[in-house]
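Chemist: Could you put the whole structure together from the sequences, leaning on the hints where they help?
Protein chains in written order, with the working numbering: chain A, 1 to 225; chain B, 1 to 109; chain C, 1 to 379.
By construction, these hints were calculated from the structure, which means they are not laboratory data. Please note: incorrect hints may appear among the correct ones.
Pairs of lysine to any residue, SDA-like flavour, derived with a Cα cap of 25 Å [as the list claims (entries may be wrong)]: (1) C/K235 / B/A42; (2) C/K24 / A/P138; (3) C/K24 / B/A14; (4) C/K213 / B/A14; (5) C/K24 / B/D69; (6) C/K24 / B/R4; (7) C/K193 / B/G49; (8) A/K134 / C/V15; (9) C/K24 / B/P8; (10) A/K192 / A/R96; (11) A/K134 / B/A12.
Residue-level listing of the chains:
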Amino acid sequence: MISLHGVSKTYNEGRPNQVTALHGIDLAIAPGVTVFMGPSGSGKTTLLSLVGCMARPTTGRITLDGEVISSLPERFLTDLRRRRFGFVFQRFNLIRGLSVLENVMLPAAPLGEERAVVEARALARLESLGLAGKARMPVEVLSGGETQRAAIARAMVNDAPVLIADEPTANLDTALTHRFLDIVAALRAEGKTVILTSHDPRIIAAAPVTAVVEMQDGTVLEVRS
Amino acid sequence: MSLRPATPVLSALAALLALAGVEGTHARLTAPREAARLADEAQLVRALGLTDLALFTEARYTRHPALADLATAFQDNPLSFEHFPSGSLIAPPEHFGPTALGFAPEDLR
Amino acid sequence: MSALNRQRALLDFTVAALARRRIKNLALVAVFATVVFLLASAMFFASSLRREAEATLAGAPDLIVQNLSLGRQAMIDAADLPKIAAIRGVATAEGRLWGYYYDRISGANYTVMVPSAADLVPPPGEVIVGEAVPRVRDFKWQGTPLFLSRHEGDLVRFDIARTLGSDVALISADLVLMNEVDFRSFFNVPAGKFTDLAVTVRNPRELSTVVEKASAALPDARFVTREDIARTYQKLFDWREGVMVALAFVAMLAFAIFAAEKATGLSAEEAREIGILKAIGWDTRDVIAMKLWEGGLVSGGAFLLGTVIAYAHVFWAGAPLFASVLKGWAVIYPDFRLTPAIDALQLGTLLLLTTLPYAAATVVPVWRTAAADPDAVMR
Ligand SMILES: Nc1ncnc2c1ncn2[C@@H]1O[C@H](COP(=O)(O)OP(=O)(O)OP(=O)(O)O)[C@@H](O)[C@H]1O
Ligand SMILES: [Mg+2]
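Modeler: What follows is the structure, encoded as structure tokens:
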């Protein structure tokens, strides 16, 4: 359970290019699948980065299972990112020059698990996304959809309880979108939390989705569940 | 499981370390033989009254830096550099002798 | 176990990341290793030679007495010998006959000596020669006589009684040993003259008193003690000298270039990668450990490679790279093997000098990037 209390985020505060991306958001994100939608620039990515402990809110606080996480020191945030969250970035952010498999295994590197265990897990994730055949390829030769799936596999490799995915299906066709939704359904069945942003009506109408949050100009317009 | 990226690098480092070990062993194993050789040399030095290494034979100051003339401007002094590189590798001897006249007033009487 | 797995995983990532610019990084290691190789070779070579000189020249005469005339060394009178021998504390004093001979045939300089030890005195008409003499004269068969010529039309034949081996080449390569009669007649040295006097004292601690008394007896003479000789060789190839300075300087310059290349900051690409790593759960410590591995692999590998090759170069191959430098103008260069002598302190200094600045240059620019918030990679 993630709660936001009066959370706002202002970039470049006090400077001429000051932008307030979020205005006093109050929101509770329950386990299950929550989809954020809204026009471009409405603050979806900003909100995900605050929830995922990538940045701190300018005002307000965020709690994770009752614990305030928005004011924790940096090293605790890293630990949270590592153990609680898996990320799919809007721009994928795979590391060029490394293979798909190496990229997918990266989040596990600091955890000190056996390489064989991590590799098996990473291959299983790639398999479930139909990418096992490309595991040894360098990421820059992948197509847009393949890159996206590699990013999804990387986000899931540590079995984190919360998956945060920013536009995860933007580059996927109908078949692959359904495959992704199957995975999301499976995660939900395991009791995990999935937080997505999407413009895609297929996602918003999909069966596993438990809540849809509509945003506009840095505020929450409507929550449907 | 596939080959880990660091494995070839670590093997190369291990091979280098092994070679370093071989070299260390070589140093240790040849030590007695070398000590005997040095003893032979010392024996010859004693028998001939040698004073210098026969490393640079091109000029008398490089052949016998210990016995080189001190006050000759050219050729015989380690400070002359015409024989590069030995002339620049060998330090001038420190025993240049007294450089100031040492006398007391009563010596003049 | 898990700490080991973590380090290994970080190491794997480092290597995979370095392998992306394989040629550049291998070239970096190669250049780095070359610098280390040159420095380490010079170090091994110098400390080995110094040790050789120390060990052998410990047997040099306690005191050499030279006669000076017009600021140059001149022959010394045999009449001076008893004056020195009479000084209390002097064990032996003997006149030495030695000099240089320029061989017009080979262009080499020989050191011609009359040995004082009886077993090294060759019979009349024969010589004992150092290892290099037959070599530069290109003697093809055993028993080739040595013809020495003092001037146009002059040819004196000496048979070679014995050749001193290459085991002792470093001190004897250019020697030609004759007996006294041959020496005096060949070089036209009148009886009653010596090159210099070699003196041994009973108690080395009395040497300064002996020198004092001797200089009273022979005010124009110059006295060279064994300590003076030792000091000359302690400074042989001293780091501060000549070529070594140039070498060390070039090496330092190379380090500086590497370090500057690294320290001028991270490329946008590298900074972004670090942001990604942080965003997917890497700690600042993980990023720095990974970078330490990078610096350690490159500089440690280069150090190991450089020193291992340097050892082989100096002690197995006989330092061929230096031979051509040291030979200089000389015709004779002794064919010698060096005794492995490794100065642990110097080697440690070299290790620190190579690895520390490089590791620092790799890690320091990363520090700030790694400590920043990773949210920039969200967009
Ligand atoms: N680092 C930043 N500095 C300045 N302004 C920023 C920064 N990050 C975001 N913004 C601004 O905040 C607003 C919200 O951005 P955000 O990325 O959250 O939108 P979004 O809803 O994800 O849009 P899209 O659907 O196009 O991805 C935008 O106007 C953006 O320009
Ligand atoms: Mg966005």
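Chemist: Taking the hints in turn, state whether each one holds.
Modeler: Evaluated hints:
1. Between C/K235 and B/A42 the alpha-carbon distance is near 20 Å, which keeps this suggested pair within the 25 Å criterion.
2. For the hint pairing C/K24 with A/P138, the CA-to-CA distance comes to about 19 Å; that is within 25 Å, so the pair holds.
3. Under the criterion of a C-alpha separation no larger than 25 Å, the hint pairing C/K24 with B/A14 is consistent with the structure, at around 23 Å.
4. Note on C/K213 and B/A14: the hinted pairing is violated, with a Cα-Cα distance of about 63 Å set against a maximum of 25 Å.
5. Proposed proximity of C/K24 and B/D69 is contradicted: the alpha carbons are some 54 Å apart, above 25 Å.
6. With a CA separation close to 21 Å, the supplied pair C/K24 and B/R4 stays within the 25 Å bound.
7. Distance hint between C/K193 and B/G49 is fulfilled; the C-alpha atoms sit about 18 Å from each other, no more than 25 Å.
8. Between A/K134 and C/V15 the CA atoms are separated by roughly 21 Å; this keeps the pair inside 25 Å, and the hint holds.
9. Restraint check: the Cα-Cα separation between C/K24 and B/P8 comes to about 18 Å, which is no more than 25 Å; the hinted pair holds.
10. This hinted pair does not check out: A/K192 and A/R96 have alpha carbons roughly 30 Å apart, beyond 25 Å.
11. In summary, the hint linking A/K134 to B/A12 is not supported, as the alpha carbons are separated by about 29 Å, beyond the 25 Å threshold.
Going through the hint list in order, the structure does not satisfy hints 4, 5, 10 and 11.
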